Amino acid sequence: TREALRARGATLFAANECGNCHVAGLAAPGVAVKKLEDLTDRYTLENLENYFLAPQPPMPTFELTELDRRALAVYLLAERGRE
1 TREALRARGA
11 TLFAANECGN
21 CHVAGLAAPG
31 VAVKKLEDLT
41 DRYTLENLEN
51 YFLAPQPPMP
61 TFELTELDRR
71 ALAVYLLAER
81 GRE
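With the working numbering applied, the sequence shown covers 1 to 83.
Watch out, some of these pointers could steer you wrong.
[Said to hold, decoys possible] DEER-style ranges, computed between Cβ atoms:
| # | residue 1 | residue 2 | range |
| --- | --- | --- | --- |
| 1 | Glu37 | Ala14 | 30 to 40 Å |
| 2 | Pro29 | Ala4 | 29 to 39 Å |
| 3 | Gly30 | Thr1 | 15 to 25 Å |
| 4 | Ala7 | Lys35 | 15 to 25 Å |
| 5 | Gly25 | Pro55 | 14 to 24 Å |
| 6 | Gly19 | Gln56 | 16 to 26 Å |
None of these hints come from the bench; they were simulated from the model.
All values reported here derive from a predicted model rather than from experimental measurement.
Even glycine gets a Cβ: it sits at the ideal position worked out from N, Cα and C.
Turn these sequences into a full structure, and let the hints guide you.
This is the structure in structure tokens:
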């Protein structure tokens, strides 16, 4: 279900420490925070899933399954009002 994907995405966001670069207050001193507020303006669900296959530096690549990419995209877009 959509809620199960969203929950899995939240777990992945935390487990991969995404907040260290994407959440103000969690980033290390000197790290420029890349906020995620405009994701819904820039990505559809499918586009965001595909982005995780080859993210642009300085974002690292992660070994995410297809299900994990979908879950993370659902979570991120839901948190920002698209899904």
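Tell me, in ascending order, the numbers of any earlier hints that this structure violates.
1, 3
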